[in-house]
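Could you build the full structure based on these sequences and the hints that come with them?
Quick note, the sequences are listed as chains A and B, same order.
Residue numbers for the first sequence follow the numbering used here, so the first one is -15 and each next one is one higher.
Residue numbers for the second sequence follow the numbering used here, so the first one is -15 and each next one is one higher.
Hint data in this document are derived by calculation from the structure and do not stem from the laboratory.
Among these hints, one or two may not hold up.
Copies of the same chain are indistinguishable here, so a pair counts whether it falls within one copy or spans any two.
Derived BS3-like pairs (lysine-lysine); straight-line CA-CA distance at most 27 Å [said to hold, decoys possible]:
#1 Lys329 x Lys529
#2 Lys176 x Lys(-3)
#3 Lys165 x Lys58
#4 Lys58 x Lys69
Nothing here was measured: the structure is a model prediction, and the numbers come from that model.
Protein chains: 2
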Amino acid sequence: MADPLILFMPSGKRGRFPEGTTVLEAARQLGVYVESVCGGRGICGRCQVEVQEGQFAKHGITSAQEHLSPFGAKEQRYAEKRELKPGRRLSCSATIQGDLVIDIPQDVQINAQIIRKAADTRVFERKPAVQLCYVEVDEPDMHKPLGDLDRLKEALERDWGFSNILVDQYLYPQVQAILRKGKWAVTAAIHKDEETAQASMIALWPGLHNEAWGIACDIGSTTIAMHLVSLLSGHVVASAGTSNPQIRFGEDLMSRVSYVMMNPDGREAMTRAVREAVDDLIGKVCEESGANRNDILDAVFVGNPIMHHLFLGIDPTELGGAPFALAVSGAVHTWADDLGLGANKGCRVYVIPCIAGHVGADAAAAALSEGPHRQDEMMLLVDVGTNAEIVLGNSERVVAASSPTGPAFEGAEISGGQRAAPGAIERVRIDPETLEPRFKVIGCDLWSNESGFAEAVSKTGVTGICGSGIIEIVAEMYLSGIISEDGVIDGALAAKSPRIVSSGRTFSYVLNDGDPRITVTQNDVRAIQLAKAALYAGIKLLMDKLGIDHVDAIRFAGAFGSFIDPKYAMVLGLIPDCDLSKVSAVGNAAGTGARMALVNRDYRREIENTVRRIEKIETALEPDFQSHFVAAMALPNKADPFPELAKAVRLPPRKVLTEGATGRRRREGGRRSRS
Amino acid sequence: MADPLILFMPSGKRGRFPEGTTVLEAARQLGVYVESVCGGRGICGRCQVEVQEGQFAKHGITSAQEHLSPFGAKEQRYAEKRELKPGRRLSCSATIQGDLVIDIPQDVQINAQIIRKAADTRVFERKPAVQLCYVEVDEPDMHKPLGDLDRLKEALERDWGFSNILVDQYLYPQVQAILRKGKWAVTAAIHKDEETAQASMIALWPGLHNEAWGIACDIGSTTIAMHLVSLLSGHVVASAGTSNPQIRFGEDLMSRVSYVMMNPDGREAMTRAVREAVDDLIGKVCEESGANRNDILDAVFVGNPIMHHLFLGIDPTELGGAPFALAVSGAVHTWADDLGLGANKGCRVYVIPCIAGHVGADAAAAALSEGPHRQDEMMLLVDVGTNAEIVLGNSERVVAASSPTGPAFEGAEISGGQRAAPGAIERVRIDPETLEPRFKVIGCDLWSNESGFAEAVSKTGVTGICGSGIIEIVAEMYLSGIISEDGVIDGALAAKSPRIVSSGRTFSYVLNDGDPRITVTQNDVRAIQLAKAALYAGIKLLMDKLGIDHVDAIRFAGAFGSFIDPKYAMVLGLIPDCDLSKVSAVGNAAGTGARMALVNRDYRREIENTVRRIEKIETALEPDFQSHFVAAMALPNKADPFPELAKAVRLPPRKVLTEGATGRRRREGGRRSRS
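Set out below in structure tokens:
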């Protein structure tokens, strides 16, 4: 008779094993990652599994609890000392007695005080670069005078297969005391990132040490965001964010580069500022979760190229001008201690590679998270900031570029613009008949024309328009015919609505007639057009490179993407035409990518290889940029059709106006044909 | 016709290569180490070779200058800019045109100010762990936005074959400026110790950097000795020594361990003291040679276990008592910067493994230098100190032990004893008829009975007896019949010579009747007997272990061995019988071993493997130690014959005396037979 068939979920990996094989051993042989700190001694409790009972016709398996050996002595002992949830088994102890479907639960928690964050929804297969290894070391023997550390290394090789281990210098003076304190039982943290690299012992504790943390951190120009993740369960246990204190040296990236160029100690001051902020965040996530800084053993950082350089202590001046040479584009391996971060003295740091001088490790991490390179659909991944980072591709080919969108989408350069904050207008609708607007502000669920709105916003007031509001107002102005496809505000409508007012040679639209009076000027519309045209032209260059005229899916990464309505983004022509159901916001994808690289070192290799094969387009050097840009100044676009968008939105009839040419207007009856 | 045959000297490696192959390429293919910093561009001048002209019948080679290509453009240019000695060729440029015997000269010096030390006689094949690699890096290209560091890595892989190089953190912020300063030509220092290890970039200079230094350092309890060695030529360019400043915490090892145990900051203070002394020595050797500290890229340290631990910052308390557990016995890899040593920020440190709790890295290094494991003769290697370290073996098997000889051999515990210094008696002869002595003191070439002696020593005086003097006086007292084979001073001789005087129940011998009066007391003889018996018993245990009753060769390592006369050491029975021509002093063999490990990383693997297979004997645990010790109290030995010694020295007839039993003596006519 054939050996029992074992299927592991969620990976789906399967194989046949002789009766009596432990579940842990079967998992190991199939390459299914099951944590174990104690190496099968039944004391760490990390290797818990669950049997999925029932008939799994698809797999030809009838799985039952009885197909595992009864509770053994190790499991009994563990269940008595610590909690073992009903149905849970220790895979190092339970042996295979028949066909099984085994689930690796994602909620194995040993330290009860640590609470799982609700936000932690995506679960990744784990294979961390740092592993805890409990070993029992031979006592010293005068007949075999191998050093204490050397016997520890022997035990690590015997029980865990790590040969020729390097040792962090700081541990040499500590080894003897730790071994004796643990009565010759210790837990070593072993770092091994690359398959072929020598393993390093980076930390050591007496006895069983049953927790190890890692941090995943996205250093943005404006915000620094951090997750604290258990390397043993893969869970995010705390997340925190803070403003990037470098803002005091310059609001945007280029002003920070200028600061470095103008001030002898500028680079150092900015490096110190960002490192201190990261260190404070470590304190925050530790406090939130009850974790100990000293148990943080690994860290992954991402950021745009300038943040990446400043964090690593590298002068970013070269990134301020052509040829935008990165000091280092590849992955960086270093030590938290060398970066002045308070964590375990041996804590390692891995920095995800940058794609190009304007397309950073954050974009690479977002690509890792969303995985255009992992699927056949043509995916467009956009992170909109003052510099938009664009990645486009599928499993065959991936291209990337950046576009200088400027700060308009963040509310800067817009007369009524402001950062997203309570009181900022974020949603706008314009009645195409009356041209009357209604809007929503951040912090209030009511539309401005609903009763109770005035009271509801009395605390914050209506203060300005944030990025997503700007997208909507301009799109709605276009849909309602207030602006032409070229973005000109139709002054003739001043006769029809008091909302259209003259401001010298051009016209404005009065969005809020109260205090403050908030208008959208012709210049505001122009600023949005310039920004969206830059982004679209960049996307178009990438599409040209791949020889495609449509994309299958669009993902918005970053905070901006989370708040805008994809439909309006498409009406504006910010992004190319696409099935609207395939356009989504993915939040801090860079942070998610960092988290993936933290819990599974195979993801590090994946993004390193992907970045190597990503084709980089320098938009400024492409001869077609200009024509794409000009076409993209129109709403949604002068050259490209938007058939998918047209299915969802009634686009206005074509209207051509010349700025300043009040009253002189031509109307054309239908949608233009494709040029 | 067959390809030309090339023979490289001194290695003797040979092979046939097509005409037109460069000599450098041929050497590389044969595994002959020829230095090259510039990678064959003809600018570093490190790859010089010489043709040995003539007929080499043994090899079937007729070698001639004309069998090399004529001076090419690269060589012309080099010879014009820098000096190229007559007969010298650049092996990267000269190509093979016929049979050749090629000599790799040992005196290639690029920086003329560096003077080769006369003491540097032994030459070792080189294969340093740190290599200088000159590369020309592609300039940044917006179409291929690889980082500056990444393009540098590409160049290092392309030109030097190092893939996947790690980079020292401190270099990240410097790479861009160095590349630009060097106009995209730089020299990188690459560290790669183990064959399978990832290479690391540890230093970087603009342009061609044509010197790299290493230090080899032996940290003794009393003295710290250092060599500064060119990693590019293998030459010692400076040597220096200094007292170990830890002496202020305790004269001998055990008193230093006590100091650590008694004082909370003792370990730290001693670590600081020894590291500062090492750092001062680095300053000294740099000053002597004109070398720049910043060009020191590698360092090898050896020392006895306690010095080893204190230098690495490890508490040596465990070494103070059974089971004498070393914190670490294996090789240690670390950074000079982490040890507080002033060298290049990326300078690596390699510490040779310790053999056992009492047999340190210094003994391992001495074994590496003398190589008992490399040859078929049975070699005994002894380093005499307060704790003698003994290694015995041949290519088949090596054993090691330590023996607690105490400080008698260093002049302590001896009434007239002193350290070796001007004025100390170092040579002694006693007339067997008159029992009158003559002696020599350090700092004077005359015997004490020669005319002019009194004036010659008037400055220093005759101050005491140093270690080698003690060996000789006791041996001479035995040879002249003043003491019996059991070491008893024959009081009956007081009647014959005024040199024999009573001191209570025992007698003394008056060596110097002047000021100060220097005598050898019965206790002095006993102290020497105890010391030599301990050493001999240790050696005997090792011989027992190997099942041998004689050794083929004896090497004395250390300062003590350099000054004693092997014949007298054998008369005393300090060492076993051996052909006297095969007994030699090898000076600071530990320092030589350190130097070997510095210039050739294969020697590191050799000593690591040797230490692993050395069998360690803990003398205190061996049941036979006591009986060996008792037999070895006699002169030369009660149990073992000394046939080789007997060929060189007329041993006195047997005389058995009982201490304190004045006048009662028995004489026996001949040499005792073997018991």
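How the hints compare with the structure:
1. Lys329 x Lys529: Neither way: Lys329 and Lys529 sit 47 Å apart in one copy and 45 Å across, limit 27 Å.
2. Lys176 x Lys(-3): within (24 Å within a copy, 39 Å between copies)
3. Lys165 x Lys58: This pair counts as within: shortest intra-copy Cα distance 24 Å, inter-copy 65 Å.
4. Lys58 x Lys69: within (15 Å within a copy, 77 Å between copies)
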